[in-house]
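For the record, the sequence lines run as chains A and B.
Mapping of the first sequence onto our numbering: position 481 corresponds to residue 481, and the numbering continues sequentially without gaps.
Residues are numbered in our numbering as their position in the second sequence, beginning at 1, plus a constant of 488.
Careful: at least some of the hints might be erroneous.
Here are the simulated distance ranges between beta carbons [claimed, not checked]:
{"hint": "1", "chain 1": "B", "residue 1": "Ile562", "chain 2": "A", "residue 2": "Lys64", "range": "41 to 47 Å"}
{"hint": "2", "chain 1": "B", "residue 1": "Arg559", "chain 2": "A", "residue 2": "Ala391", "range": "40 to 46 Å"}
{"hint": "3", "chain 1": "A", "residue 1": "Ala55", "chain 2": "B", "residue 2": "Tyr573", "range": "37 to 43 Å"}
{"hint": "4", "chain 1": "A", "residue 1": "Glu48", "chain 2": "B", "residue 2": "Glu493", "range": "50 to 56 Å"}
Lysine-lysine pairs mimicking BS3-like chemistry, simulated, CA-CA at most 27 Å apart [what the hints assert, rightly or not]:
{"hint": "5", "chain 1": "B", "residue 1": "Lys507", "chain 2": "A", "residue 2": "Lys93"}
{"hint": "6", "chain 1": "A", "residue 1": "Lys64", "chain 2": "A", "residue 2": "Lys111"}
{"hint": "7", "chain 1": "A", "residue 1": "Lys9", "chain 2": "A", "residue 2": "Lys93"}
{"hint": "8", "chain 1": "A", "residue 1": "Lys108", "chain 2": "A", "residue 2": "Lys64"}
{"hint": "9", "chain 1": "B", "residue 1": "Lys503", "chain 2": "A", "residue 2": "Lys342"}
{"hint": "10", "chain 1": "A", "residue 1": "Lys96", "chain 2": "B", "residue 2": "Lys503"}
{"hint": "11", "chain 1": "B", "residue 1": "Lys516", "chain 2": "A", "residue 2": "Lys93"}
{"hint": "12", "chain 1": "A", "residue 1": "Lys300", "chain 2": "A", "residue 2": "Lys252"}
{"hint": "13", "chain 1": "B", "residue 1": "Lys564", "chain 2": "A", "residue 2": "Lys44"}
{"hint": "14", "chain 1": "A", "residue 1": "Lys373", "chain 2": "B", "residue 2": "Lys507"}
Quick look at which bits of chain B chain A covers, simulated, 3 or more residues with Cβ under 8 Å [stated by the list, open to error]:
{"hint": "15", "segment": "499–506"}
{"hint": "16", "segment": "548–554"}
{"hint": "17", "segment": "557–563"}
Derived from the structure by calculation, the hints contain no laboratory data.
Where a beta carbon is used, it is the ideal one built from N, C-alpha and C, also for glycine.
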Amino acid sequence: MEQYSLILKLGKLLRSGEISCTELTQKFLSAAEKENKRLNAFVKLTPETALKTAAEVDRKLAAKEELPPLAGIPMTLKDNISTNGMETTCCSKILKGYVPIYDATVWKILKEQHAVLLGKANMDEFAMGSSCETSCFGGAKNPHNTQRVAGGSSGGAACAVAGNLAAFSLGSDTGGSIRQPASFCGIVGLKPTYGAVSRYGLIAYASSFDQIGPLTQSVADSALVYDAIAKYDPMDSTSSKKALPAFSSLGKDIRGIKIGVPKEYLEGIREDVKSALQSALKVYESLGAEIVEFSMPSIKYSLPVYYILACAEASSNLGRYDGIRYGYRTDHYADRNEMICKTRSEGFGAEVKRRILLGTYVLSSGYYDAFYKKAQNLRGTLIKAFEDAFAHCDVIAAPTVPMTAFPLNFTARDAVETYLTDICTVPVNIAGLPGISVPCGFGSDSMPVGLQLIGARFSEPALLNTAFQYEQAARSDVFRAVETGVAL
Amino acid sequence: MVTHEEIMKIARLAKLSVKPEELDGLTKDMNSIINFADTVNSVAAADSDFDNLNNLANVFREDTVVPSFDREEILKNAPNQEDGYFLVRRKM
């Protein structure tokens, strides 16, 4: 269990007294400060908060107090997760200077566990993007090759973990925003079941899709963080009591499990990505799993369904940014309507505006039935298709992304072309399922490739164990540590 | 095809202002995005009840009184405020 877990390793070092939490925190803070100029993973460092928590952990360690697994572990939060007293911007000009007066539930939980917050992580503006480049602070770069993007939208969160600048990050995943950057940066990213983790304090993009989850260097680490944050929360009306702990399931035999591979997931996939996936399936066969190919035609229209519904929800959620109560307000205006329109036009970036316009269009009179209602009906069809699939297989395997990390400035091209790269990740969000991306090798450009595993709702214990067994069998061939940041 | 007029109408509904020099580019972008979204209409779908696709059930709790946020704290984030109110000037 402990072999590849950075969190357990750091916990041991702290408990044995080999390093104090203050020393550990300082190491991470100075690495973050140095590397951030190159990688742009953080949009804000929070050394005061970090060192204050570290001193408290040191006091507790000295008093031999029992501490939870995440105590003293240096981590980051994506900048759409509200932090009381610390600026939270969604990497948008419209929220610059906004300081929440309450904590997101996930951060409240991590604080209670004495996790050490190093800073807020870079992201695509309002989590809308696949490269992190729509961030008003500029994009995070890929630690494996700084001429490539870290991915998005949780690009900074993935970059910090892959670049050894944080032991774990929390990101959010609306259409792939945890799994895609995890795949691009060669780390593990878990999008939990819809309802498993509270979104209270997560600044909303598309509420029927958004989910918070961990980005880590190993499956065991994702399980540890998931177990900490997957708690029922009365402050989120979609929060469920059904989530089960995952860490204790790691290590169970997977002989005889059925792994389904829908052939639609393999269409249009780059050859080197396909062959990395096929090697991963061979590993599973050697572990005694049965690979079952089948067809799920409804996957083909999941992309337009996702963009219609997510943008419709976004156009409503982002209606609150009017320059009256918080954030940016335009300087010059003739009347109140102009103030709101100018504030929004100057405050939002181009991609956010395109998505608000699409969302408004599909909800507007005359188009609602053809777009929004049709997409909702197709969403129902896709949910049913997944239910049927899980009646005859335990887990579904697919690529996380059809390619490896894009070169920088990818978003400069046609918007739709960028949307198409989300084809493998969006079905999971449409159906509210858990999905995890694990490193499964490298492309012909020697950039990391991710294997995506998908489970039925609330099947995180079995899903993470399936990922864990692969990691145990293949880690040395498929994971490459980056030589930046903190080495311990 | 979405026209300039339609884009202006949608922008008005979304409270976004579009500068004349942005209109051509934006119309082109939106046409490509809307055509892409329109592919949902090339497949048949059965009517489904989409009120609760995520299979969630109401979670009830007692309605207890808890402390609310402090007004002054909330107002600190306002671009402009006066006497406990958000302030928006009528004319600039």
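### Query
Are at least 3 residues of the segment 557–563 of chain B within less than 8 Å of chain A when you compare beta carbons?
holds (count 4)
### Query
Are the Cα positions of Lys9 (chain A) and Lys93 (chain A) separated by 27 Å at most?
violated, 39 Å
### Query
When you check the alpha-carbon spacing of Lys300 (chain A) and Lys252 (chain A), does it fall within 27 Å?
With a Cα-Cα distance of about 34 Å, the restraint between Lys300 (chain A) and Lys252 (chain A) is violated, given a limit of 27 Å.
#### Entry: Lys373 (chain A) paired with Lys507 (chain B) [C-alpha distance capped at 27 Å]
Violated: Lys373 (chain A) and Lys507 (chain B) sit about 32 Å apart, past 27 Å.
### Task
Apply the coverage criterion to the segment 548–554 of chain B and chain A: a residue qualifies when its Cβ sits closer than 8 Å to a Cβ of the chain, and three qualifying residues are needed.
violated (count 1)
### Query
Does the Cβ-Cβ separation between Ile562 (chain B) and Lys64 (chain A) fall within 41 to 47 Å?
Taking Cβ atoms as reference, Ile562 (chain B) and Lys64 (chain A) lie about 42 Å apart, which means the hint holds.
### Query
Is Lys507 (chain B) close enough to Lys93 (chain A), meaning Cα to Cα at most 27 Å?
holds, 19 Å
### Message
Tell me if the straight-line CA distance from Lys108 (chain A) to Lys64 (chain A) falls inside 27 Å.
### Response
Measuring from Cα to Cα gives roughly 24 Å; hence the hint holds.
### Satisfaction of hint between Lys44 (chain A) and Lys564 (chain B), Cα-Cα up to 27 Å
Answer holds: Lys564 (chain B) to Lys44 (chain A) is near 20 Å, not above 27 Å.
### Query
Would you say the C-beta atoms of Arg559 (chain B) and Ala391 (chain A) sit inside 40 to 46 Å of each other?
violated, 54 Å
### Query
For the pair supplied as a hint, Lys516 (chain B) and Lys93 (chain A), is the alpha-carbon distance within the 27 Å limit?
Within the cut-off at roughly 25 Å; holds.
### Task
Could you tell me whether the CB distance from Glu48 (chain A) to Glu493 (chain B) stays inside 50 to 56 Å?
This hint holds: roughly 53 Å between Cβ atoms.
In terms of the numbered hints stated before, the structure departs from hints 2, 7, 12, 14 and 16, listed from lowest to highest.
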